[in-house]
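Undergrad: Protein chains in written order, with full-length UniProt numbering: chain V, 1 to 602; chain A, 1 to 570.
Read the hints as simulated data drawn from the structure, not as lab findings.
Be aware that a few hints might be false.
To be verified - In silico EDC-like cross-links for lysine to aspartate or glutamate, where the CA-CA straight-line distance does not exceed 20 angstroms:
id, chain 1, residue 1, chain 2, residue 2
1, V, Lys469, A, Asp296
2, V, Lys469, A, Glu338
3, A, Lys365, A, Asp445
4, V, Lys259, V, Glu566
Unchecked claim - Label pairs and their computed distance ranges (CB to CB):
id, chain 1, residue 1, chain 2, residue 2, range
5, V, His516, A, Lys446, 21 to 27 angstroms
6, V, Arg401, A, Leu566, 55 to 61 angstroms
7, V, Glu566, A, Arg403, 54 to 60 angstroms
8, V, Gly473, A, Ser237, 56 to 62 angstroms
9, V, Arg401, A, Arg283, 53 to 59 angstroms
10, V, Ala518, A, Gly386, 26 to 32 angstroms
11, A, Lys446, V, Glu166, 36 to 42 angstroms
Idealized CB from N, CA, C, for every residue including glycine.
Below, each chain spelled out in residue letters.
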Amino acid sequence: MAVSFPKCPSSPLPPLQTRNRAWSSPLSAPVQVGDSSKWALLEATKRCHLCVSATNGGSAVAPVEPSKKVQDSGTKTTPTDHSTKVENGIRPTVFSSNEFQDLKTGPDNSGRESTVSITVVGASGDLAKKKIFPALFALYYEGFLPKHFTIFGYARSKMTDSELREMVSRTLNCRIDQRENCDAKMEEFLKRCFYHSGQYDSEAHFVELDKKLKQHEGSRISNRLYYLSIPPNIFLDVVKCTSLAASSENGWTRVIVEKPFGRDAESSAALTRGLKQYLHEDQIFRIDHYLGKELVENLSVLRFSNLVFEPLWSRQYIRNVQIIFSEDFGTEGRGGYFDSYGIIRDIMQNHLLQIVALFAMETPTSLEAEDIRNEKVKVLRSMKTLEIDDVVIGQYKSHTRGGVVYPGYTDDKTVPNDSLTPTFAAAALFINNARWDGVPFLMKAGKALHTKRAEIRVQFRHVPGNLYKKCFGTDLDRATNELVIRVQPDEAIYLKINNKIPGLGMRLDRSNLNLHYAVRYSKEIPCAYERLLLDAIEGERRLFIRSDELDAAWALFTPLLKELEEKRIAPELYPYGSRGPVGAHYLAAKYNVRWGDLGAEH
Amino acid sequence: MTILRFYQRPSSLSIAFSSRHERSFSGSSELVTLTTRRNQCWRFSPLKSSNGSPLAGASWKDDGKEMPVPKVPDIGSQLAENTVSITVVGASGDLAKKKIFPALFALYYEGYLPQHFTVFGYARSKLTDEELRHTISTTLTCRVDKRENCSDKMEQFLQRCFYHSGQYGSEVDFCELDNKLKEKEDGKLANRLFYLSIPPNIFVDVVRGASRSASSPNGWTRFIVEKPFGRDSESSSELTRCLKMYLIEEQIFRIDHYLGKELVENLSVLRFANLVFEPLWSRNYIRNVQLIFSEDFGTEGRGGYFDHYGIIRDIMQNHLLQILALFAMETPVSLDGEDIRNEKVKVLRSMRVLKLDDVVVGQYKGHTKGGKSFPAYTDDPTVPKGSLTPTFAAASLFIDNARWDGVPFLMKAGKALHRRGAEIRVQFRHVPGNLYKRKFGTDLDKATNELVIRVQPNEAIYLKINNKVPGLSMRLDSSNLNLLYSERYPREIPDAYERLLLDAIEGERRLFIRSDELDAAWAIFSPLLRELEEKKVVPELYPYGSRGPVGAHYLAAKYNVRWGDLSDSS
Numbered sequence: 001m002a003v004s005f006p007k008c009p010s011s012p013l014p015p016l017q018t019r020n021r022a023w024s025s026p027l028s029a030p031v032q033v034g035d036s037s038k039w040a041l042l043e044a045t046k047r048c049h050l051c052v053s054a055t056n057g058g059s060a061v062a063p064v065e066p067s068k069k070v071q072d073s074g075t076k077t078t079p080t081d082h083s084t085k086v087e088n089g090i091r092p093t094v095f096s097s098n099e100f101q102d103l104k105t106g107p108d109n110s111g112r113e114s115t116v117s118i119t120v121v122g123a124s125g126d127l128a129k130k131k132i133f134p135a136l137f138a139l140y141y142e143g144f145l146p147k148h149f150t151i152f153g154y155a156r157s158k159m160t161d162s163e164l165r166e167m168v169s170r171t172l173n174c175r176i177d178q179r180e181n182c183d184a185k186m187e188e189f190l191k192r193c194f195y196h197s198g199q200y201d202s203e204a205h206f207v208e209l210d211k212k213l214k215q216h217e218g219s220r221i222s223n224r225l226y227y228l229s230i231p232p233n234i235f236l237d238v239v240k241c242t243s244l245a246a247s248s249e250n251g252w253t254r255v256i257v258e259k260p261f262g263r264d265a266e267s268s269a270a271l272t273r274g275l276k277q278y279l280h281e282d283q284i285f286r287i288d289h290y291l292g293k294e295l296v297e298n299l300s301v302l303r304f305s306n307l308v309f310e311p312l313w314s315r316q317y318i319r320n321v322q323i324i325f326s327e328d329f330g331t332e333g334r335g336g337y338f339d340s341y342g343i344i345r346d347i348m349q350n351h352l353l354q355i356v357a358l359f360a361m362e363t364p365t366s367l368e369a370e371d372i373r374n375e376k377v378k379v380l381r382s383m384k385t386l387e388i389d390d391v392v393i394g395q396y397k398s399h400t401r402g403g404v405v406y407p408g409y410t411d412d413k414t415v416p417n418d419s420l421t422p423t424f425a426a427a428a429l430f431i432n433n434a435r436w437d438g439v440p441f442l443m444k445a446g447k448a449l450h451t452k453r454a455e456i457r458v459q460f461r462h463v464p465g466n467l468y469k470k471c472f473g474t475d476l477d478r479a480t481n482e483l484v485i486r487v488q489p490d491e492a493i494y495l496k497i498n499n500k501i502p503g504l505g506m507r508l509d510r511s512n513l514n515l516h517y518a519v520r521y522s523k524e525i526p527c528a529y530e531r532l533l534l535d536a537i538e539g540e541r542r543l544f545i546r547s548d549e550l551d552a553a554w555a556l557f558t559p560l561l562k563e564l565e566e567k568r569i570a571p572e573l574y575p576y577g578s579r580g581p582v583g584a585h586y587l588a589a590k591y592n593v594r595w596g597d598l599g600a601e602h
Numbered sequence: 001m002t003i004l005r006f007y008q009r010p011s012s013l014s015i016a017f018s019s020r021h022e023r024s025f026s027g028s029s030e031l032v033t034l035t036t037r038r039n040q041c042w043r044f045s046p047l048k049s050s051n052g053s054p055l056a057g058a059s060w061k062d063d064g065k066e067m068p069v070p071k072v073p074d075i076g077s078q079l080a081e082n083t084v085s086i087t088v089v090g091a092s093g094d095l096a097k098k099k100i101f102p103a104l105f106a107l108y109y110e111g112y113l114p115q116h117f118t119v120f121g122y123a124r125s126k127l128t129d130e131e132l133r134h135t136i137s138t139t140l141t142c143r144v145d146k147r148e149n150c151s152d153k154m155e156q157f158l159q160r161c162f163y164h165s166g167q168y169g170s171e172v173d174f175c176e177l178d179n180k181l182k183e184k185e186d187g188k189l190a191n192r193l194f195y196l197s198i199p200p201n202i203f204v205d206v207v208r209g210a211s212r213s214a215s216s217p218n219g220w221t222r223f224i225v226e227k228p229f230g231r232d233s234e235s236s237s238e239l240t241r242c243l244k245m246y247l248i249e250e251q252i253f254r255i256d257h258y259l260g261k262e263l264v265e266n267l268s269v270l271r272f273a274n275l276v277f278e279p280l281w282s283r284n285y286i287r288n289v290q291l292i293f294s295e296d297f298g299t300e301g302r303g304g305y306f307d308h309y310g311i312i313r314d315i316m317q318n319h320l321l322q323i324l325a326l327f328a329m330e331t332p333v334s335l336d337g338e339d340i341r342n343e344k345v346k347v348l349r350s351m352r353v354l355k356l357d358d359v360v361v362g363q364y365k366g367h368t369k370g371g372k373s374f375p376a377y378t379d380d381p382t383v384p385k386g387s388l389t390p391t392f393a394a395a396s397l398f399i400d401n402a403r404w405d406g407v408p409f410l411m412k413a414g415k416a417l418h419r420r421g422a423e424i425r426v427q428f429r430h431v432p433g434n435l436y437k438r439k440f441g442t443d444l445d446k447a448t449n450e451l452v453i454r455v456q457p458n459e460a461i462y463l464k465i466n467n468k469v470p471g472l473s474m475r476l477d478s479s480n481l482n483l484l485y486s487e488r489y490p491r492e493i494p495d496a497y498e499r500l501l502l503d504a505i506e507g508e509r510r511l512f513i514r515s516d517e518l519d520a521a522w523a524i525f526s527p528l529l530r531e532l533e534e535k536k537v538v539p540e541l542y543p544y545g546s547r548g549p550v551g552a553h554y555l556a557a558k559y560n561v562r563w564g565d566l567s568d569s570s
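Looking at chain V on its own, in the form it has when it is part of the complex:
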């Protein structure tokens, strides 16, 4: 049944049929009954369901009670029963049970096709150019997009469609392993790209967009995905306008938002509240692109489909877990945004914490998104609030090496001269549950360090009563097993084991049981954005962050962040390109940990 994707299909496959994910197999899974049944009530007269909410005293859509959820599946639907619900976030229009069936089984069963319109809001931005459009093209190239789709760029700048295409085309490239028909494909893809210029807070402009979208969608069932590639302060404006003026009338409307999701628990909650005035939880796709990384995806597979790992996955065998992120460059003149957030908010509280949650969660009931997210929330809520004693922060200073001068963080013109914003942080976290009690989870994230790397290191306990202890020197913990999952660069998994050095002596050595992705899997690993965009199109929420997860994540970090700012804690300075502040070692030592990435072998 596996449909692999190395070959570009001669014609794009029907939507949803190309992927083969157990938990989202669209052919077998019944369409979920969501909780937007209220929309149907508004349907007949109102162009936009949310307009009605607004007219109802300007209040948000009343929360839907669970009891109101329509339990009907398609087969029960009668042509007159317009309260039928389809997939979450899908706004039903007047359609028959036949049409309903169509949604379930794909477009080929009836005359009515579905289409997806992807609107990149903030199309002229960097992320859009570098990541989003290329990811969309890759999906198209690989045949993962539905047969009919439309891509719109939306931004304030005046541009024509062809100017957008010109801009987009510069960053498109074909995957290295498939260059066939690349130009032709690119041409076809660009033809589906359009541009609409408008203000981010103007409903009128979004109404125009809506018209254009309708034109492209024709009579198809329209699904709309908005990618908000814009600064957080205009998130709400855009969400308001899109949902009021440019929601799909007969399919789903989803919004992808990227971090930052607030600066702390309060602002995050306010943002969520704001979004929920216009959107349902099901419509919000909070992206954390780290969750789309191949090896993070693989983490669950490793844990749950291998017998050899699960028995070891607890405080009984694991001594500590390290989650390490480092970049080998600084802000390089683009520190404006960063300076108001800092490394803890930028990397730790989201990317690294999400990895911890995935790593440490109990076995979910199934691979369904909600089951996984339930388990992740449980981990986050079991975690001890981070205290200032368990954190070390740093900031890089300038450094001259080999005649080259590397600037300090505060040398960045976009950064205030007296900025105390950490560009490095290390923290020790604890999960106070039965599985992990007492096991330190160490996180470390920094900019302008000596390597670029993201990895998870699991250090095991030493062998009790080790027969070979004479061979290990005094510190048995220095020769323990270690499982390393290197997320980037050079994806790899390896398990450090002790074995005998071949020869007549009995010298032990730590060698690696290795899996180098580049060696075993020659195909290029897809970019995280491709996976996440595709998931959003398919309604697969596993890799997106739910509101309660976000709340729990902020709850862990907010007190610390407040304290750092209130007390104006000065970061420890470290030279650009170094291994970071030595304070990180002392933090680790406090919990009897030794950073695995800074050992002698590196």
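Chain V is already provided as a structure; the job is to place chain A on it using the hints.
TA: Frame of chain V, contents of chain A only:
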């Protein structure tokens, strides 16, 4: 503990010993000594001591002169006067030429032999020292990674090699050997090692002659014997009984060269020096264990010896069973030879006696492939036409103890198969309640983890794990966490004989088989072997170069096992 560099030739013996220090689990207590004798053969009844050295005591008289050697402890000064004489009995044989002399030279080259040593060849043929040296020199090679001074070293080594011609049953001839040895030993503390590279029917004669007439007067005297150790329980215990008339247990070094293989040595390290393996090492997680040995050639005109023993005696009852015992044993108290052998015996004694139903035997037949025809076993002129001797066998064994109850240990050994190899495969159970089970088809057991320890060729350890195929879909793949020895350790891995010879010289008994182990091993196989012979069970024929008789699959299926080496992925 200090770790000295290995491959640096020590300038004195004391360094030679300390460079091995990290493996010195047995002390050098046997260097505690005694009396020296000169110019006289020892003609009394067998000597025994607790450690393989001649007994300390007044009986060691030497024409009235008694030369008490100080009772030791200062190893440094003692060792300088120490020498070891290695006598290869059966020096003109194949094993001696191909394995023993080259292994001795490698040890010499690497600096593992004591500063003063002598190598003697002993056999019936008349040869001069020069002729022996010439014979030997044709098979000596330097390790591939160090060719420096190779011919110098070889020359020096050959200067220490001598030959003595004698009958295997003649005490007088051994007495002459003793005189020659003494001459070379030159008053030093003499340790003597006899390597019996001869047919089993003359083991006892040689042991008698050598132990009576050529035992070391003041150091230890040890005998290395190689399989076959009898044909069954009775003949084996008879052999042991006879050996023990002249030797004590500590003097007998029963070699199983498989135990000297690098990865077999590493097996204990893997188990006991890694936290991640030990929790899995039981019936709770391990579904079955497979011990597989295959050769890609037949007897090739040398089937005379083999026909008399068959593959079960030749490979299974010793090599594979030894690996199994090492694999399955409980954690020993220490790495001392006796502690490890105690645990191995416990495993062997917990094993169920093998029944005919749990065995499949096979014999290769002729096969023509690509215009080339490969002979059948019975085409070998040294094999009787009607021979029923198995050249292939598969067996399932069980260890009825708390750790392994119900886990099948499958063994398979054969000649003239499609490839050459020896490996241990550990198949784990399937993940209970696997979240990804829809990815695995109907048979969850086909996608379980598997640990493979490849002993030869291309030494490797790998763990098969399930992981996601990179990409946007969720396809699972079984990939390997790998350790290829040739990549990580480019240096050549020493031959098993080097390790074992060195161990024998050092008195390290961990890798040698004790009498009670041997008895326990025979007890498992003897009833089966007798039944096979009594009932004249006909082996299943399989073509030369094939994967062996299909019966092996049915045997595996009976215990819900699938051979790991014959699946598609391997």
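Undergrad: Tell me if the straight-line CA distance from lysine 365 of chain A to aspartate 445 of chain A falls inside 20 angstroms.
TA: 34 angstroms, violated
Undergrad: Could one say that the CB atoms of glycine 473 of chain V and serine 237 of chain A fall in the range 56 to 62 angstroms?
TA: 46 angstroms, violated
Undergrad: A range of 53 to 59 angstroms was offered for this pair. Does it hold for the Cβ distance of arginine 401 of chain V and arginine 283 of chain A?
TA: Given range 53 to 59 angstroms: holds, Cβ gap about 58 angstroms.
Undergrad: Between the alpha carbons of lysine 259 of chain V and glutamate 566 of chain V, is the straight-line distance 20 angstroms or under?
TA: Not satisfied, since the Cα-Cα distance of roughly 24 angstroms exceeds 20 angstroms.
Undergrad: Given the hint that lysine 469 of chain V pairs with glutamate 338 of chain A, test it: the Cα-Cα distance must not exceed 20 angstroms.
TA: 19 angstroms, holds
Undergrad: Taking 55 to 61 angstroms as the stated bounds, is the beta-carbon spacing between arginine 401 of chain V and leucine 566 of chain A within them?
TA: 57 angstroms, holds
Undergrad: Glutamate 566 of chain V and arginine 403 of chain A, beta-carbon distance inside 54 to 60 angstroms?
TA: 58 angstroms, holds
Undergrad: Look at the Cβ atoms of lysine 446 of chain A and glutamate 166 of chain V and judge whether their distance stays inside 36 to 42 angstroms.
TA: 52 angstroms, violated
Undergrad: Can you tell me whether the CB distance of histidine 516 of chain V to lysine 446 of chain A sits inside 21 to 27 angstroms?
TA: 25 angstroms, holds
Undergrad: Does the hinted range 26 to 32 angstroms hold for alanine 518 of chain V and glycine 386 of chain A at CB?
TA: Violated: the Cβ-Cβ distance is about 58 angstroms, outside 26 to 32 angstroms.
Undergrad: Does lysine 469 of chain V pair with aspartate 296 of chain A here, judged by a C-alpha cut-off of 20 angstroms?
TA: 41 angstroms, violated
Hints 1, 3, 4, 8, 10, 11, counting from the list given before, are not met by this structure.
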